[in-house]
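**Q** Sequence:
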Amino acid sequence: MFKSIRPALSLLLLMTLLTGVAYPLLVTGIAQVAFPAQANGSLVVDADGKVRGSLLIAQDFTGDAWFHPRPSAGAFATVASGASNLSPSNPALAARVIADADRLQVPGQGPVPLALLTTSGSGLDPHLPPAAIAYQLARVAAARNLPALTLQQLLDAHTEQPLVGPPVVNVLALNLALQKL
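In our numbering, the protein residues as written are 1 to 181.
These aren't lab readings, by the way, just hints derived from the structure by calculation.
Idealized CB from N, CA, C, for every residue including glycine.
Please note: incorrect hints may appear among the correct ones.
[Stated by the list, open to error] Here are the in silico distance ranges between beta carbons for each label pair: (1) F35 x N145: 37 to 43 Å; (2) Q32 x T118: 22 to 28 Å; (3) Q152 x P24: 44 to 50 Å; (4) V45 x L93: 34 to 40 Å; (5) L17 x Q161: 40 to 46 Å; (6) Q109 x T16: 45 to 51 Å; (7) Q161 x A101: 39 to 45 Å; (8) M15 x G49: 39 to 45 Å; (9) L93 x S10: 53 to 59 Å.
[Stated by the list, open to error] Calculated pairs, DMTMM-like style, for lysine to aspartate or glutamate (alpha carbon to alpha carbon, straight line, at most 20 Å): (10) K50 x D60; (11) K180 x D48; (12) K180 x D156; (13) K180 x D60; (14) K180 x D46; (15) K180 x D64.
Make a model of the complete structure from these sequences and hints.
**A** Following this line, the structure appears as C-alpha cells:
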C-alpha cells in the first residue's frame, strides 16, 4: 500500500508546485513586463499621484455636470458585483426602469437609451454606447456652460472601437477629460 501512496503524494506535491506556484509566478512576471498598466488594474492616476479609479470599473457620477454611467445593481461596489437577478417580468424591475426613464427623460430628445436604464451583468461595466453619451450632452453642456459642440468633440475623441463589438465610451475617462476642460 505504501508503495502506491508515495508516488501519488510525490506527484501531488510536484503538480501543486508547478500549477500552484511556478506557473502563476511565471504568468505574473510576464504580465508585469509586457503589460504593466493592465496587470496592475488599469489604474487612473491624477497629476498629484492620487488614484482616481480604474478604467475597468464603473464609478457613480452624480449631478448634471457629469456624464452618468449605466445603473449598477451592486451600487458600484466591487464586493457586491453582480446582476440584480430580476427577471424581465418582475414588477420591481419594471418600476425601477420606468422611474429611471422618467428621471432621465430629456424633452424633445426621444426615448432614453436602453444602456442608461439597464444594468450590466457585473454591475460594473465602465462603458456606454456613444448614443447613450450623446443623449446626455445637452444636460452636461447646460450645467457646465459649454457649447454642445465642444462636448461632442470630446465624445468623438473618447469613442473606442474594440476588436469585436460596437463602439464604446469609457465614462470615467470621458469625465476625467471633461474635468480638465
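**Q** Taking the earlier hints as the rules, which of them does this structure contradict?
**A** Result: hints 2, 6, 7 break, sorted rising.
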